[in-house]
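Student: Here's the letter readout for the chains.
There are 2 protein chains.
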Amino acid sequence: MNKLYVIKIGGNIIDDDVKLQMFLSSFVAVEGRKILIHGGGKLATKLAAQLGVEQQMIDGRRITDAETLKIVTMVYAGYINKNIVAQLQSRGSNAIGLCGADGNVIQSHKRHHTSIDYGFAGDVDTVNTGLLQSLTEQGINVVMAPITHNKEGQLLNTNADTIAQEIAQAMSALYETHLIYSFEKAGVLMNAADDSTVINSITPASYKTLKDQQVIYAGMIPKLDNAFAALHSGVHRVVIGKAEQLQELIHQQSGTSIVHE
Amino acid sequence: MNKLYVIKIGGNIIDDDVKLQMFLSSFVAVEGRKILIHGGGKLATKLAAQLGVEQQMIDGRRITDAETLKIVTMVYAGYINKNIVAQLQSRGSNAIGLCGADGNVIQSHKRHHTSIDYGFAGDVDTVNTGLLQSLTEQGINVVMAPITHNKEGQLLNTNADTIAQEIAQAMSALYETHLIYSFEKAGVLMNAADDSTVINSITPASYKTLKDQQVIYAGMIPKLDNAFAALHSGVHRVVIGKAEQLQELIHQQSGTSIVHE
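Respectively, the protein sequence lines represent chains A and B. Terminal number for the first sequence in the numbering used here: 1042, no gaps in between. Terminal number for the second sequence in the numbering used here: 1042, no gaps in between.
A portion of the hints provided could be inaccurate.
To be verified - Simulated pairs of lysine to aspartate or glutamate, DMTMM-like, Cα-Cα distance not exceeding 20 angstroms:
1) A:K800 with B:E933
2) A:K827 with B:E848
3) A:K823 with B:E848
Rather than coming from a laboratory, the hints here were simulated on the basis of the structure. Please read all numbers here as calculations on a predicted model, not as lab measurements.
Please construct the entire structure, taking both the sequences and the accompanying hints into account.
Tutor: Here's what the structure looks like:
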């Protein structure tokens, strides 16, 4: 089986142009098949403020009303996605920017929740591996924006970590898939303020302990839940670490590995 | 040679949701290979006003400063493009939304002009027919936003009529290409206020006369210049007419045909 790297880049890197440029150069240097998934960063929040559209967050998830959906579609699938593609093209990497509606790559449904109305938030149903494989085998690097659709004409805002996980899972049927969550920190840290306290590996058992001890909390919990879900669904390896150390993450010299045991 | 329809839809249709939905249903009903190119409409102008970014137009072309480029990238390649794709998907048409940077489909350069600084406006250099053909032959309908790039990391705002023309010309090497400019009017009119005064066909000679008589003026001139340029560069047929009459335009029962003689 050929290797495929599914690489998620976090919002804080996108907000920092120097770090983003460094990351994109590292991404181009990664040999072989690769797909990039990007988050949104603070640009959507900033644009919403400029337009006077109030933003509500619950557990780190944006409540997506109609105006907010318009904003995230513009910012994620438009501004961020196309700028990343143009930057990759300038470095000789043949990138193509897609959202989940394009080629019906990711179909989702509007989130059902008993007590919270998340608005136009999408939970993933299916990943169309055919087009992703066809583009990848043509040497084209797909760059995914975290917007999906329900195949009934509705775009839906979808968590980028989840998209990375779902793509990695689906592509595991075709490739030895490595899922890399790259963000501003060196990995999962014992002390969130100290980048030297990286936990090298986390098993399901140690994850439970780390949560009980509140070493892992808040935004890291959905990220790690996604990582374990991917691992349990056929993804070969999941690594979490620093965007500027992408090469080291790929070569297992850095970051936190999520492992079975 | 197989037929290919390159269909441009104008901004005024995009601004009118009822007309847009009708047009998209007609587009889905067009049998065979087809590529859709959309303009921008008033949404970018409206967003610029909301954000306090002043807009300057010269001869119907927007002067694209850095803030305006950000706005048109968001609106054209994000909001409009992805909503059209989602609508087409809901009608069972497998669409994919691209801008010129994606897959390096359209490479351009920043416009040079002796007296006017158009800002980040792109003039087309090359169309990458390979990816367009590969997607088309997979039964995927490409939906192009009027944003291109210079392969040096710079996105550029590019006239959608020109993109339609350049794609039609380039694809003429591979297909019997029909270029259809669809907009809010029934064609080129003798009397701009009366949709019943459609000129059925225009030759290079009658074009000159119609311009001299000022029957054709303002925004129609670059549109017709593009149409004749396409015709002189291998495009099989160019038709200009009403978006709601797409089927009739395709079957030569409506609109203005641009012909050699």
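Student: Confirm or reject each hint.
Tutor: Hint by hint, here is what the structure shows:
Taking the CA atoms of A:K800 and B:E933, the gap is about 19 angstroms. The hint holds against a cut of 20 angstroms. A hinted pair counts as satisfied when its Cα atoms are at most 20 angstroms apart, and A:K827 with B:E848 qualifies at roughly 14 angstroms. As the CA atoms of A:K823 and B:E848 are separated by approximately 17 angstroms, the hinted pair is consistent with the 20 angstroms bound.
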